[in-house]
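Trainee: The chain contents come next:
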Amino acid sequence: MQRLEGLSKLSGAERYLDDEPLEGTLKGCLWGMTVRSPASRGKIRQISYGSDFDWSHFVVVEPRDIPGPNETYLIENDQPVLAPGYVRHMHEAVALVAHEDRNLLRRAVASIQVEIDPDPPVLDFRIAPRPDQIQRGTDNIIKRLQIKKGDVHAAFANAYKIVEGEYETGAQEHVYIENNAMSAWMEEGPNGDVVVVRGSMQCPYYVLNALKHALQRDETRVRVIQAPTGGGFGGKEDYPSTIALHCALLALKARRPVKIIYDRSEDMAATPKRHPSLVRHKTAVAKDGRLLAQHIEVILDGGAYVTLSPVVLSRGIIHAAGPYFCENVLIESKAVLTNCVPYGAFRGFGAPQTIFACERQMDRIAHAVGLEPVEVRRINLLRDGQTTSTQQIVSGGTDRHALLDSAVRASDYDKHKRESEAFNKTHPYLRRGIGVATVLHGAGFTGNGEVYLNSKVDVGGRSDGKIEVLAASTEMGQGTNTAFTAIAAEAAGLNATDIVIGVPDTFRVPNSGPTVASRTVMVVGKLIERAIDDLAVQLGQNGKPLRGSALKAAISDWHKKNPGKELKGRATYAPPPNVKFDDKNYVGDAYATYAWGVCIAHVEVDLRTAAIRVLDFTAMQDIGKVINPVLAKGQVQGGVVQAIGWALSEEFKFKDGGMLNNTLTNYIIPTSDDVPPIRVIFHETPYPFGGGGAKGVGELPMDGPAPAILSAVAHATGADAKAIPLTPEKLLSLLPQNC
Amino acid sequence: MNVFMPNTLAEACDLCAKQPDLIPLAGATDLLVHWPLRQSEHDKSYLDLSKLRELRKITWAADSLTLGALTTYWDVLQDSRAKSEFPLLCESARQVGAIQIQSRGTWAGNIANGSPAADGVPVLMAYDASVTLTSKSGARSVPLHEYYTGYRKSVRRTDELISTITMPLRKYDFSVFHKVGARRAQAITKIGLAVTREASAAAPWRVVANSVAATVKRCPAIEQLLQSASPIRKPDDFSSAIAADVTPIDDIRSTADYRRTVLARLLYHSLNGVCPSVT
Amino acid sequence: MQEHFIPSPIHDRSAAVSIRFNLNGRDVDIPIDPTERLLDTLRYRLKLPGSKEGCGEGECGACTVIIDDLPANACLIPTFQVRGCKVRTIESIPASSLQPMLEAGATQCGACTPGVVVTANWIKEHSDVLASNTMRALMAGNLCRCTGYDGIIDGLEKWIGKPPGGRS
Ligand SMILES: Cc1cc2nc3c(=O)[nH]c(=O)nc-3n(C[C@H](O)[C@H](O)[C@H](O)COP(=O)(O)OP(=O)(O)OC[C@H]3O[C@@H](n4cnc5c(N)ncnc54)[C@H](O)[C@@H]3O)c2cc1C
Ligand code: FES
Ligand code: FES
Chain A
145 MQRLEGLSKL SGAERYLDDE PLEGTLKGCL WGMTVRSPAS RGKIRQISYG
195 SDFDWSHFVV VEPRDIPGPN ETYLIENDQP VLAPGYVRHM HEAVALVAHE
245 DRNLLRRAVA SIQVEIDPDP PVLDFRIAPR PDQIQRGTDN IIKRLQIKKG
295 DVHAAFANAY KIVEGEYETG AQEHVYIENN AMSAWMEEGP NGDVVVVRGS
345 MQCPYYVLNA LKHALQRDET RVRVIQAPTG GGFGGKEDYP STIALHCALL
395 ALKARRPVKI IYDRSEDMAA TPKRHPSLVR HKTAVAKDGR LLAQHIEVIL
445 DGGAYVTLSP VVLSRGIIHA AGPYFCENVL IESKAVLTNC VPYGAFRGFG
495 APQTIFACER QMDRIAHAVG LEPVEVRRIN LLRDGQTTST QQIVSGGTDR
545 HALLDSAVRA SDYDKHKRES EAFNKTHPYL RRGIGVATVL HGAGFTGNGE
595 VYLNSKVDVG GRSDGKIEVL AASTEMGQGT NTAFTAIAAE AAGLNATDIV
645 IGVPDTFRVP NSGPTVASRT VMVVGKLIER AIDDLAVQLG QNGKPLRGSA
695 LKAAISDWHK KNPGKELKGR ATYAPPPNVK FDDKNYVGDA YATYAWGVCI
745 AHVEVDLRTA AIRVLDFTAM QDIGKVINPV LAKGQVQGGV VQAIGWALSE
795 EFKFKDGGML NNTLTNYIIP TSDDVPPIRV IFHETPYPFG GGGAKGVGEL
845 PMDGPAPAIL SAVAHATGAD AKAIPLTPEK LLSLLPQNC
Chain B
760 MNVFMPNTLA EACDLCAKQP DLIPLAGATD LLVHWPLRQS EHDKSYLDLS
810 KLRELRKITW AADSLTLGAL TTYWDVLQDS RAKSEFPLLC ESARQVGAIQ
860 IQSRGTWAGN IANGSPAADG VPVLMAYDAS VTLTSKSGAR SVPLHEYYTG
910 YRKSVRRTDE LISTITMPLR KYDFSVFHKV GARRAQAITK IGLAVTREAS
960 AAAPWRVVAN SVAATVKRCP AIEQLLQSAS PIRKPDDFSS AIAADVTPID
1010 DIRSTADYRR TVLARLLYHS LNGVCPSVT
Chain C
114 MQEHFIPSPI HDRSAAVSIR FNLNGRDVDI PIDPTERLLD TLRYRLKLPG
164 SKEGCGEGEC GACTVIIDDL PANACLIPTF QVRGCKVRTI ESIPASSLQP
214 MLEAGATQCG ACTPGVVVTA NWIKEHSDVL ASNTMRALMA GNLCRCTGYD
264 GIIDGLEKWI GKPPGGRS
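Chains as they are written, first to last, in this note's numbering: chain A, 145 to 883; chain B, 760 to 1038; chain C, 114 to 281.
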């Protein structure tokens, strides 16, 4: 099946928020802008509004205009909607301004001076804070988590070799091509006026909860609608709540519609990024290359507020030991508060960081015991029946060894390896190499997350016999609507044209949970199947579900008999059997299932410039059943290229904890000319509890490329890099002089 | 903001003479970047050169090539002779931005903008280009390597416009251009190098580097080193000449160290086997 | 000199000067605000919001339009510069022709897509440029964060009617 909205996107007909005319609900719309902090930490002494402007013509919102608590509702409500007299990071929102003339507004906002009495900021999460830098508890630690299996210390005593390494990954900006965009207006409802917010977002119910909390309204008086969303990658998971609040506050005060469209530099400077990490490994290895003990320490830079850091840390540590069997594992971790822009969700959610470290460590282990990198992985890869670091018994039937073998074959690993080594002996300045990474990715929310979420999906039978899927899951490019249509059509025995996907609108759709964690097709897809079943059973006789044209006809008939009424099938999340997780001790089934992958990268390094080019890339992925090959392949290719950027060029430059290179000119994502075709091969092991047999595909592709590429660079040059992005500047310092 | 839209060079020069604060506008690929955010620039006055047809020409004479000031990178890439006579122009043009920039950005704008990272300037300089500056009071020609007087400063008076860029037609038996950016397209140069060797000339070498000094910089010490025949056996043997010619810095895009080292390596590997003293 | 001079409407709106250009085959006359970029004229004034703004700095190509038969970034063009020019936007490309791009997965979130399609369509109409440039180099001015570019390149190959390239 082809992407539903594909032709409308290709022909430019799709209307994103900024494309809509200021008519209808947006008639008389004002533009909103944000006044931001010029410093990383301190007391706001004064906000002075430029004297060249008649401020009575502008709508200005300061913290005192917030009806409820000045808090952005999330895990901990520590992030203010507008800085309440004290700022904790550069570019933090301090006040809001709206006006109908966008250029005049830009000038007016530029005239506003925010004066700060500075306090000492924490800008390096790797260094213990001084007393005057403490801002949370006694140590600035946002969250500590631990995983313990067996006894690492005893194992270290008996090791053949002990391998130690310290690995670092940098922040990453999402660079969705549609910048953040939000609109808000007022409507009349049965219980009084309603604040309506419509915008680019991943999680309408996160936004709804944030609005309810800070505006002190119940869900009948706030309404959130998703607009077509031009990319998210996690970047539109939590921050749209903040922008929605900003927009709503301006609209409430102005009593007029308001639109906030970030420009690229504001979007890059102010919104969350991928958490930077520092991961230390100490591994006890047997002579034959088996892992005897893994002692891992994970530290994440959490940024200035808690936001999603605890859950990112959680996913991070569960993936830290990699797809390997080891009897003794100790993982200690913390997320640390700093005065950097808060870090948030980004494709992979902590796993790419810890997997990077784990895979680099595997290469160094291979080196220490004299094994080929593929070999050391083959020796240690999990087999069904063995346990992960949380003592989850691996099952599901994926043969990870076969996966590795077929990736080696498909990529011509051995031939490239031989030829590269021969090439390197003769070329004056080019060096080629090949590298591998084997990865896993837990599908769905961590631990009992799905149980707590308790997601719901409705399907509506319409009078024309069609079935409308009502879920809060959003399409942001990953193909949700197309996949849902296919799953619903299959479940109902109908054609795709008989399925309609309802717009995520909190007045119409139940909370199917956030569109994150590769959970949408697997978890929500399954709920759609069950909701359709519910509908089909309601209309059938004696509990026998109807299918196909009979179902369609029954839906129409029902409406003839019950004019004006709503016909719905419903489903609520039910965990797969025997999945249990102890989230206090981090023991048990951390994820209902895992997706598995192997990445093989072939690279060329130019010793003159230390520039790295990926020549060839193979991604072998087991994501359960592939619902839509074109869409799934696109997810993998896009994820791999995003990971190539993270590995090689997407370097953050910070000044006072703020992004200095907040432009597409200076923050370097790959162009089409920087990457090779990405070879994607799917290995299908259907997962019975996922929609259509699918596990998640969204995030797995982000996990393997960075370590595979660095592994290849090590093979090519001998440079054993331990940090990304591995820019040419950094690689140069690892290469011999006088190359 | 006021905009003047002359149709001839003479009109344009008249306007410049009357109003010295007019900002010339050609392809606008430098001037319009982040335009909505640069509100104070909206209050200035501009002179739109884009419709001055007479400046859009590429002229081959018996002993020279002249690019009108509105010549774009794409124009040069379409010129069949440019590729054989002045291959570095094409190499550089092909690596400026991407096609959307190559189609609008002009060589003269690249010169006038004065960025030390400009990619058009080093190859023009390596071909001994000179710039014609035209004003109401007449025209003068300035060798490009004498055009800049400091960071984004030049000998151009505010009443002058760049009208043409001229390169002598010569026989070169070697030329090379390197652009090192953070990616293969759409990249601002971190370090760039253009080298030409004129066949049977007394001082055959032209070495020009960009992004390693306050301006694009011709490198006389390196040129002399190449001519001197003193043996060069490794990249570091260029170090003292590099130190004499350029002053790279750490900035948002790269480091001084990287720039110095890479310049040496590019010189060494490009000239190894070409310049007899480099082995 | 009056007709060659546009004063700022901020100072004097009544003195606005009009320009004429050809937009997707039709001549349009519009009064000019000298501070306005072609991208804003198209999107907000002429109600053609197919061209997108991804960066406003010439990097992403989401705003790509064709001016006098060459791709250009509409975010870097002052509208008065297109007087007398032929401008083509995404709206001039019929959806029905885009099936090959769709099938190859050339779009995901769609934000880069109109710009991608405008450049791709130009390459298709000038396929002789492929003699001296690779598709990947010609597409490098269109950043896409979703597809990893394979869907775009494969789609363009299909669209042009070339057999899909080998993977070497
Ligand atoms: C995305 C992007 C990528 C880019 N990539 C590169 C790159 O790879 N390499 C590179 O070198 N540059 C690059 N540039 C910069 C720019 O495209 C070039 O410098 C281009 O040559 C500028 O020409 P223009 O005609 O567009 O200049 P404009 O923007 O019109 O003008 C630039 C400056 O020159 C002045 N000027 C223009 N013409 C004249 C004249 N005839 N007489 C006097 N003054 C004049 C203007 O007043 C202005 O100060 C890039 C720009 C962008 C936006
Ligand atoms: S918006 Fe014009 S290039 Fe990005
Ligand atoms: S499809 Fe989303 S950026 Fe290209």
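These are computed hints drawn from the structure, not numbers from a lab. In this text the structure is predicted, and so the values were computed from the model without any measurement. It is possible that part of the hints are untrue.
As the list claims (entries may be wrong) - In the DSSO-like style, the derived pairs of lysine-lysine whose C-alpha atoms are separated by at most 30 Å in a straight line are:
1. A:Lys171 to C:Lys160
2. B:Lys930 to B:Lys816
3. B:Lys816 to C:Lys160
4. A:Lys797 to B:Lys930
5. A:Lys187 to A:Lys171
Trainee: For the pair we were handed, Lys797 of chain A and Lys930 of chain B, check the Cα-Cα distance against 30 Å.
Mentor: 45 Å, violated
Trainee: Against the 30 Å threshold, does the CA-CA distance of Lys816 of chain B and Lys160 of chain C hold or violate the hint?
Mentor: 36 Å, violated
Trainee: Need the status of pair Lys187 of chain A, Lys171 of chain A: alpha-carbon distance at most 30 Å?
Mentor: 39 Å, violated
Trainee: Assess, step by step, whether the Cα of Lys171 of chain A is no farther than 30 Å from the Cα of Lys160 of chain C, and give holds or violated.
Mentor: Roughly 16 Å separates the two Cα atoms, so the pair holds.
Trainee: Hinted pair, alpha-carbon criterion (30 Å max): Lys930 of chain B, Lys816 of chain B. Please report holds or violated.
Mentor: Distance of about 23 Å is within 30 Å: holds.
Hint compliance for this structure: hints 3, 4 and 5 are not met, and every other hint is.
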